[in-house]
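Student: Sequence:
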Amino acid sequence: MGFSYLGCLVMVCCFLLGVLVSGSTKNLPIIHFDEGYTHLFGEDNLVVVRDGKSVHLSLDERTGSGFVSQDLYLHGFFSASIKLPADYTAGVVVAFYMSNGDMFEKNHDEIDFEFLGNIRGKDWRIQTNIYGNGSTNVGREERYNLWFDPAEDYHQYSILWTDSQIIFYVDNVPIREFKRTESMGGDFPSKPMTLYATIWDGSDWATNGGKYRVNYKYAPYIAEFSDLVLHGCAVDPIEHMARCDNAEGSEGIPTGVTRVQRIKMEGFRKKHMTYSYCYDHIRYKVPPSECVINPQEAERLRTFDPVTFGNGRRHHSKRHHHSRISQAKVTSSI
Numbered sequence: 001m002g003f004s005y006l007g008c009l010v011m012v013c014c015f016l017l018g019v020l021v022s023g024s025t026k027n028l029p030i031i032h033f034d035e036g037y038t039h040l041f042g043e044d045n046l047v048v049v050r051d052g053k054s055v056h057l058s059l060d061e062r063t064g065s066g067f068v069s070q071d072l073y074l075h076g077f078f079s080a081s082i083k084l085p086a087d088y089t090a091g092v093v094v095a096f097y098m099s100n101g102d103m104f105e106k107n108h109d110e111i112d113f114e115f116l117g118n119i120r121g122k123d124w125r126i127q128t129n130i131y132g133n134g135s136t137n138v139g140r141e142e143r144y145n146l147w148f149d150p151a152e153d154y155h156q157y158s159i160l161w162t163d164s165q166i167i168f169y170v171d172n173v174p175i176r177e178f179k180r181t182e183s184m185g186g187d188f189p190s191k192p193m194t195l196y197a198t199i200w201d202g203s204d205w206a207t208n209g210g211k212y213r214v215n216y217k218y219a220p221y222i223a224e225f226s227d228l229v230l231h232g233c234a235v236d237p238i239e240h241m242a243r244c245d246n247a248e249g250s251e252g253i254p255t256g257v258t259r260v261q262r263i264k265m266e267g268f269r270k271k272h273m274t275y276s277y278c279y280d281h282i283r284y285k286v287p288p289s290e291c292v293i294n295p296q297e298a299e300r301l302r303t304f305d306p307v308t309f310g311n312g313r314r315h316h317s318k319r320h321h322h323s324r325i326s327q328a329k330v331t332s333s334i
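The sequence shown begins at 1 in the UniProt record's numbering and counts up by one.
In case anyone wonders, no lab produced these hints; they're calculated from the structure.
One or more of the hints may lead you astray.
Straight-line distance between alpha carbons at most 20 Å, and here's what the computed EDC-like set of lysine to aspartate or glutamate pairs gives [to be verified]:
#1 Lys264 to Asp171
#2 Lys211 to Glu61
#3 Lys271 to Asp71
#4 Lys179 to Asp71
#5 Lys217 to Asp227
#6 Lys271 to Asp123
#7 Lys83 to Asp153
#8 Lys53 to Asp153
#9 Lys83 to Asp51
#10 Lys271 to Asp204
#11 Lys122 to Asp204
#12 Lys285 to Asp305
#13 Lys53 to Asp87
#14 Lys271 to Glu141
#15 Lys270 to Glu141
#16 Lys211 to Asp123
#17 Lys53 to Asp201
#18 Lys270 to Asp236
#19 Lys264 to Glu297
#20 Lys179 to Asp163
#21 Lys271 to Glu297
#22 Lys217 to Glu61
#23 Lys264 to Glu177
#24 Lys271 to Glu299
#25 Lys83 to Asp201
#26 Lys83 to Asp149
#27 Lys211 to Asp87
#28 Lys83 to Asp60
#29 Lys270 to Asp123
#30 Lys53 to Asp171
#31 Lys264 to Asp149
#32 Lys53 to Glu35
#33 Lys271 to Asp305
#34 Lys270 to Asp227
#35 Lys179 to Glu266
#36 Lys122 to Asp149
#37 Lys211 to Asp227
#38 Lys53 to Asp71
From just these sequences and the hints, can you work out the full model?
Tutor: Encoded structure:
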């Protein structure tokens with residue numbers, strides 16, 4: 001399936017996104033589940049609650065579960081408030097992500113939030129990742145700790161995607177800014193994508209490379225989603241026509257990183273980032289072309305893990321490199 005016809009519409013979409021006002025996201029255009037999403041998999045493990053404003057996804061011995069947006073989108077702002085399962089969650093993966101892997105099997109794009117469970121007493125970890133044009137051989141992962149317990153209450157996780165940048169937000173704090181560069185070529189996500197949310201069994205890799213697996217004694221594991229936001233240039237999957245939401249009533253949609261937010265982002269990364277592909281000397285002898293090396297980040301990560309981020313010797317050869325497309329996520333859970 002081709003989308004070359006969308007080229008002339010990209011400028012319009014970006015213009016409409018650009019005129020939106022940066023700032024607080026407290027006035028986001030929240031939608032009901034049935035207005036923008038549909039059941040993806042998991043039988044009755046997906047439950048819509050609170051008059052259609054929230055969704056519970058559960059994982060048990062039978063299956064995980066997930067939902068998917070009704071439309072494809074070419075750029076926009078996508079957000080959900082998520083409350084993660086508590087207690088022992090090793091091996092559990094909750095994902096909130098965009099992908100077109102079902103249409104472009106060999107050259108898909110993807111923008112990921114992934115939440116990785118842990119053993120009792122250890123915190124959830126959050127991972128972001130970006131693939132463009134099937135560039136799964138270049139994993140662009142970053143991993144972080146959080147300044148709160150994501151299982152105690154809802155917290156907002158958001159993705160801003162334009163033709164020139166991708167920004168990940170947690171509670172309106174940008175935690176990662178990924179800018180398109182000329183040297184990246186087609187490795188920047190540039191084809192229409194669908195938004196997904198899933199919970200699934202990642203025992204083989206998610207916790208210490210598979211050391212700790214899902215323990216279904218603690219099932220069902222329930223991830224709760226609310227405050228659903230789908231705002232961007234929608235591409236109807238049947239009519240193949242793009243349409244951009246207008247700016248009216250969208251005061252809460254950000255356009256980028258403000259000066260105050262940049263200070264918060266730098267503080268977050270300095271304190272909470274535990275992995276970045278740009279500094280991984282085991283995987284990349286030379287950092288990928290889009291990487292801008294921050295000396296302070298490099299030094300902190302080198303102190304944190306001198307083998308991966310420094311010049312230390314590797315003590316074992318086993319290394320997990322996690323790459324997949326959206327369909328693999330679904331089939332691994334069924």
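Student: A separate judgement is required for each hint: does it hold in the structure or not?
Tutor: Hints and how they fare:
1. Restraint check: the Cα-Cα separation between Lys264 and Asp171 comes to about 11 Å, which is no more than 20 Å; the hinted pair holds.
2. With a CA separation close to 19 Å, the supplied pair Lys211 and Glu61 stays within the 20 Å bound.
3. Between Lys271 and Asp71 the alpha-carbon distance is near 37 Å, which puts this suggested pair outside the 20 Å criterion.
4. The straight-line distance between the Cα atoms of Lys179 and Asp71 is roughly 25 Å, outside the 20 Å bound, and the hint therefore fails.
5. Distance hint between Lys217 and Asp227 is unfulfilled; the C-alpha atoms sit about 30 Å from each other, more than 20 Å.
6. Pair hint Lys271 plus Asp123 holds up; C-alpha atoms about 15 Å apart against a cutoff of 20 Å.
7. In summary, the hint linking Lys83 to Asp153 is supported, as the alpha carbons are separated by about 6 Å, within the 20 Å threshold.
8. Our distance criterion of 20 Å between C-alpha atoms is met by Lys53 and Asp153, whose separation comes to about 16 Å.
9. Restraint check for Lys83 and Asp51: the C-alpha separation of about 18 Å stays at or below 20 Å, so the hint holds.
10. Only pairs whose Cα atoms come within 20 Å are accepted, and Lys271 paired with Asp204 is rejected, the gap being roughly 29 Å.
11. For a cut-off of 20 Å, the pair hint linking Lys122 to Asp204 stands: about 18 Å separates their Cα positions.
12. Taken as a hint, the Lys285 and Asp305 pair is honoured in the structure, with Cα atoms around 16 Å apart against an allowance of 20 Å.
13. Restraint check for Lys53 and Asp87: the C-alpha separation of about 26 Å exceeds 20 Å, so the hint is violated.
14. Between Lys271 and Glu141 the CA atoms are separated by roughly 17 Å; this keeps the pair inside 20 Å, and the hint holds.
15. Note on Lys270 and Glu141: the hinted pairing holds, with a Cα-Cα distance of about 17 Å set against a maximum of 20 Å.
16. Of the pairs offered as hints, the one joining Lys211 and Asp123 holds, with about 16 Å between alpha carbons and a cut-off of 20 Å not exceeded.
17. Only pairs whose Cα atoms come within 20 Å are accepted, and Lys53 paired with Asp201 is rejected, the gap being roughly 26 Å.
18. Simply put, Lys270 and Asp236 have alpha-carbon atoms about 41 Å apart, too far for the 20 Å limit, and the pair is violated.
19. Proposed proximity of Lys264 and Glu297 is supported: the alpha carbons are some 15 Å apart, at most 20 Å.
20. Straight-line distance between C-alpha atoms of Lys179 and Asp163 comes to about 9 Å, which keeps the hinted pair within the 20 Å bound.
21. Restraint check for Lys271 and Glu297: the C-alpha separation of about 10 Å stays at or below 20 Å, so the hint holds.
22. For the proposed pair Lys217 and Glu61, the alpha carbon gap of about 9 Å is at most 20 Å, so the pair holds.
23. Proposed proximity of Lys264 and Glu177 is supported: the alpha carbons are some 12 Å apart, at most 20 Å.
24. As the CA atoms of Lys271 and Glu299 are separated by approximately 12 Å, the hinted pair is consistent with the 20 Å bound.
25. Annotation: proposed proximity of Lys83 to Asp201 holds, straight-line Cα distance about 18 Å (limit 20 Å).
26. Under the criterion of a C-alpha separation no larger than 20 Å, the hint pairing Lys83 with Asp149 is consistent with the structure, at around 9 Å.
27. The suggested pairing of Lys211 with Asp87 holds, with an alpha-carbon distance near 18 Å, which does not exceed 20 Å.
28. A hinted pair counts as satisfied when its Cα atoms are at most 20 Å apart, and Lys83 with Asp60 qualifies at roughly 17 Å.
29. Proposed proximity of Lys270 and Asp123 is supported: the alpha carbons are some 18 Å apart, at most 20 Å.
30. As the CA atoms of Lys53 and Asp171 are separated by approximately 19 Å, the hinted pair is consistent with the 20 Å bound.
31. Among the hinted pairs, Lys264 with Asp149 is consistent with the structure: their alpha-carbon atoms are about 19 Å apart, no more than 20 Å.
32. Proposed proximity of Lys53 and Glu35 is supported: the alpha carbons are some 10 Å apart, at most 20 Å.
33. With a C-alpha separation of about 14 Å, the suggested pair Lys271 and Asp305 falls inside the 20 Å cut-off, and the hint holds.
34. Straight-line distance between C-alpha atoms of Lys270 and Asp227 comes to about 29 Å, which puts the hinted pair past the 20 Å bound.
35. A C-alpha spacing of about 16 Å is found between Lys179 and Glu266, which places the hinted pair at or below 20 Å, so the restraint holds.
36. Between the alpha carbons of Lys122 and Asp149 the distance comes to roughly 10 Å, so the proposed pair stays at or under 20 Å and holds.
37. For the suggested pair Lys211 and Asp227, the alpha carbons sit about 35 Å apart, so the restraint of at most 20 Å is broken.
38. About 18 Å separates the Cα atoms of Lys53 and Asp71, which keeps this hinted pair within 20 Å; it holds.
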